[in-house]
Structures are given as structure tokens and as C-alpha cells.
Amino acid sequence: MTPTRTDPVPLALKLLVAGGFGVGKTTLVGAVSEIRPLRTEETLTEAGRPVDDLAGVEAKRTTTVAMDFGRITLRDDLVLYLFGTPGQDRFWFLWDELAQGALGAVVLADTRRLADCFAAVDYFERRGIAFTLAVNCFDGADRYPESDVRDALDLDPGVPVVMCDARERESVKHVLVSVVEHAIATGVVGHRDTPQTLA
Amino acid sequence: MTGDDGHRTADRDGAARWYDDAAGPVVRPYAMTRGRTRSADGSELDLIAVVIADEALAGPSGAHVLADRTLSPEHLDIVEVSRTRPQSVAELAAGLDLPVGVVRVLVGDLVDAGFVRVTRPVPPAELPDETVLRDVIDALRAL
Ligand SMILES: Nc1nc2c(ncn2[C@@H]2O[C@H](COP(=O)(O)OP(=O)(O)OP(=O)(O)O)[C@@H](O)[C@H]2O)c(=O)[nH]1
Ligand SMILES: [Mg+2]
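Taken in sequence, the protein lines are chains A and B.
With our numbering, the residue at position 48 of the first sequence is 696, and numbering never jumps.
With our numbering, the residue at position 98 of the second sequence is 196, and numbering never jumps.
Some clues are possibly wrong.
Computed list of lysine to aspartate or glutamate pairs in EDC-like fashion (alpha-carbon distance at most 16 Å, straight line) [what the hints assert, rightly or not]:
1. A/Lys821 x B/Asp233
2. A/Lys821 x A/Glu682
3. A/Lys821 x B/Asp236
Residues from chain B that face chain A, not an exhaustive set, calculated with beta carbons under 10 Å [to be verified]:
4. Ala147
5. Val198
6. Gly199
7. Arg232
8. Asp236
9. Ala240
If you are wondering where the hints come from, they were derived from the structure by calculation, not from laboratory data.
No residue lacks a Cβ here, since even glycine has one placed at the ideal position from N, Cα and C.
Next comes chain B alone, as it looks inside the complex (with noise of 0.2 Å):
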């Protein structure tokens, strides 16, 4: 607005902006995801999809988690929490104090290397009978 130097190279070098205080947390879980939003296969995981880590942390070849080397210290932390319990992607997320998001591309990347596999939920229209709903109920009556 003063037209003076110092705002003319402020506007100029743009890309200083994108490393204040406000863009930080934003920029890092993108890195982190290599600019990726979604899992190879395109699919969202579920919220309450349930995570599970070969005991072994081998992938399909019989290698070791800790030897691919395109693995995130995010990826490996997923693989052993998951394998200590299998637990869901929202469980995930909360426990490793990571978004969503960025949790649902780092499931997808060990998927797709075999470390980890993951249960889809079962709507509950898709459940055979009440059973298992009324042991929810004597269970948290039971609580």
C-alpha cells in the first residue's frame, strides 16, 4: 500500500509464506505423505477400519520393516503399534497424535508393501442377526 521497497520484495519471494507460523503444521503432514492424499488404490480407509501388523514386521518377501528404506518413522510407528494390538485407523491417528489423513496414506503405503492388512468394517445392516448387538448391550451393562 506505501509502495516503498520492503513491501514490493515481501510480495515478491511468495514462497517465504508458506514457512510462517501458520503454515508449518500444515506443510508438515504433506511432506510427510509425500504430497499424496489418498492410498494407491484411490480408497478412503474407514474410520473404524482395524489395522493389523504381521507379527513377524515382514513384508511379503520376508524382508523387515526397518529395511525398506522408503518407510517414515510415521510408517514404522503405525506397524508397531498395530502390531502390539490391532486398532483402528481413528485409534491410530488419536494415539500417534497424527490427522486423519495423513495416517489413512501412511496405512495405504504399508498395505501396498504388505506389512500391515486391514479389516473392513461391518455396517451394521450387513450383520447377520442381532447377537452380536445385544451382547453390546450386555457388555455395557456389564461395564
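So that you can see chain A by itself, here it is in the shape it has in the complex (with noise of 0.2 Å):
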């Protein structure tokens, strides 16, 4: 086909939002676009239910996982999509190609809970994909020193943590903003063949 329009097509880039149940996730990506559900149909052995009531259906079935995805119109040609990652353990499978590409991710803490996010941080440690600790400063919960999470957690000293309110537009543009600039400083860019380290 010819191309015949004249509008300029987007170059398209994406960050992921991970972290633990109920951290903020939606709320995050809501704050600085305009929020969507997106739905993939992914395929499930249910395990553990009484034969009486599978009686010659197909243990397999197909199950709707959504996912919270947002758009950020940068420029003319330049989108950013924030994709949030579901929170459940039998949906890793879909963070492979959520990752695929990826320009780097946020991962949302709660102080209350810092385990809950161990999950996300080894996956993009594993991965080699660039993230900035995003700590959700819910009211009530006592404020920790940067360097007491980093410790919990055991990141490297060029993971950038950064206090935040996931309701706060301003708060989130600053992680999204640390989050690229982390990446550049990784050398996301133009490392084609050479698997991406921490400086």
C-alpha cells in the first residue's frame, strides 16, 4: 500500500507500572493520562475444581486478564503508553511481552508492605530493564529514609528511589521523568546487541 496521508505517524514508546496489590498502580497511570482498561484473552488450566461440575467440559478455559493502559500524547509524533502490569502471580507470562521493548518501568512500593514489590524489582533486575522505585506515601504510613528502602530492597545504588503520590499528577510526571532519564543513563539507547548492565 502507498502511504498517502500526510499526518505524522507517532513513534511509540512504553513504560510498564509493577508493584504489589492495591499500591496505587491504577491510580498512577490515571494521574497523567487518560486511563483504559485493556483486555487479553489468555488461556488457563483450572486446576482444584470438583469433577461433579466440570463433567466433560475442557479443564482449559479462557480467562480475560485486564490491564490498566494509558496514552500520553508527548508531541505530534511522539506517544508514551503506560502499561500497568496485572498483579497476579499466574499472570507473569504476560509481562514477557509487555517487557519486550520496554523503555523502563516503574515499580510502586508501599512501606507498609516493601515485599510486595521484591517480585517486580528482580524481574527488571533480571531483565536489564531500567526502573525507578517509586515509593506511594499513602497517609498513615511512617516515612522511611531513601536509603533504609533501598537497603530492604537491595538495590543497586543506581536505582533511583523516589518518594511519591500516586494521585498527584506533578509527583507522577517526576517519576516518569526519572524513569527516562534512568534509562538514559543505562545506556538503553543504541546497545543493540549488548545486553544492558547498571552503571
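Assemble the dimeric complex from its two separately framed chains, guided by the hints.
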């Protein structure tokens, strides 16, 4: 097909937003973009249902997984997409597709339940995906110094730790800027065949 | 378990199970994509691949998209929406309230028929330099 249109085809980039259950992922995506649920249908094997219930029906079912999805139009020709990763462990396989070609990630943490973000930190570390650890400062949660969070999560020294309020647009913008800066610092650009390493 | 006729009838008539409440939304998308879950060339379209429709809504032969009787209403929605503004597979799915897998197949059909083309996203590692990312930062700050 011959391209006939004149309006620019945008360059599309994506960031992932991960973190434990109820940590504010949906809130964060909604604070900077028009958020919409994105549905994928996945085949899951259903275990543990009573045999009487299943009687002859294939034990595999298609289930709908909903993800947070937001678009930020940066320029006519530049779009940033945000994908909230599905929280449940059984959907880890979906992360691999989302992580493919991602510019970077936000790992949201709640200091009252820091362990909930271990899995996400581990995931991005293993794949060399630049991430910022954003501490969502819920009302009533104790404020810990950044160094405590860093130690508790055993973060690499280069990983930015940012205190944020996922409900505040300015605060979330700051978090996203931090991810992109970190991606630049870790050499995300122009290292096609070399594995990314943290500086 | 009781062994009465009613039970056995229900068991024999297994097909009826596919039309219950739970099966409904599962069956429909696959009917829409004619049972295929991959596009004709076997590749999976990236979630952020951008779909661009021909301005004149015409295929390579010049035939209008509406003249193609093999296309479903959902195909036509995709052509219409992406003609208004080029947009990603993920946006099409969210905007048209269709599962991602279904949109992938429908877009694959439309690419094959020549009504839309698709750009492959540029992975950050393939960007020539940091310029674009600096632009992203500036634009985010200016939001
Ligand atoms: N006080 C306060 N409340 C917040 C903040 N961020 C989110 N919340 C609230 O916390 C609750 C959970 O937030 P969500 O954004 O739904 O969290 P989530 O990570 O998307 O949750 P799941 O998708 O269920 O894992 C909501 O009631 C939010 O309004 C914050 O920064 N401060
Ligand atoms: Mg959520």
C-alpha cells in the first residue's frame, strides 16, 4: 500500500507500571493519562474444581485479564504508552510481552508492605530493564529515609528511589522523568547487541 | 451421580454447555476472527505497533473497504478509527472494547487485504541516540 496520508505517524514508546496488590498502580496511570482497561484473553488451566462441576467440559478455559493502559501524547509525532502489569502471580507470562521493547518501568512500593514489590524489582533487574522505585506515600504510613528503602530492597546504587503521591499529576510526572533519565544513564539507547547493565 | 435420565441427557448433550453464560463471551471473539488466533503471516503484532489506514479507505485495487464482503463490522471499525488518527494495537483494543488477541487477528486481515499498514515499534536499543528520550523528558515536564 502506498502511504497517502500526511499527518505524522507517531513514534511509540512504552513504560511499565508494576508493584504489589493495591499499591496505587491504577491511580498512578490515571494521574497522567486518560486511562482505559485493556483486555487480553488467556488460556488458563483450571485446577481444583470439583469433577461433578466439570463433567466432560475441557478443563482449560479462556480467562480475561484486564490491564491498566494509558496514553500520553507528548508531541504530534511522539506517544508514550503506560501499561500497568497485572498483579497476580499467575499472569507473569504476560509481563514478558509487555517488557519486550519497554523503555523502562516504575516499581511502586508501599513502605508498610515493601516485600510486595520484591518480585517486580527482581523481574526488571534480571532483564536489565531500567526502573525507578517509587514509594507511594500513603497517608498514615511512616516515612522512611530513602536509604532504608534501598537497603531493604537491596537495590543497585544507580536505581533511583523517588517518594511520590500516585494521585498527584506533578508527582507522577517526576517519577516518569526519573525512569527515562535512568534509562538514558544505563545506556538503553544504541546498544542493540550488548546486554544492558546497570552503571 | 443420581443416575436419573435428566442427568445423562445433560451429559450427552455436551454441546449445549458452550452456550451457557460463562461460554458466551469466550466463544464470540473467536467466531469474529473465524477461529484463527494469529494473523496470516503468523506473526504477533506488537501492542504498540501503530496502525495506519488508507486515506481513501481503499485497498490496493482501489476498491472501497465497504465493498469487501469478507470483512466484519469490527474490521470496518478498525479502519475507520485508525483513519481518523493512526493508533496502536493496544489503543484500538481499549477504544473498541475488544480483546487484544482479536484486534491482532483483525488487523492482520486488514494488512493482508491492503486496507491498513502497520509500523513496527522501534525498540529503545535501536534509537540512533538519546535525542528522542531527551525530548520525552522535556515533553513530560511540560505536560
Ligand atoms: N492516601 C493515598 N491513597 C492512595 C494513593 N495511591 C492510591 N491510593 C488509594 O489506594 C487504593 C488502591 O489504589 P489503586 O490505584 O487501585 O491500586 P492498584 O495498584 O491499581 O491496585 P490493584 O490493581 O488492585 O493491584 C485506592 O483506593 C486509591 O485511591 C496515595 O498516594 N495516597
Ligand atoms: Mg489496579
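Each hint, compared with the structure:
no., hint, result
1, A/Lys821 x B/Asp233, "holds (14 Å)"
2, A/Lys821 x A/Glu682, "holds (14 Å)"
3, A/Lys821 x B/Asp236, "holds (11 Å)"
4, Ala147, "holds (8 Å)"
5, Val198, "holds (5 Å)"
6, Gly199, "holds (5 Å)"
7, Arg232, "holds (8 Å)"
8, Asp236, "holds (9 Å)"
9, Ala240, "holds (9 Å)"
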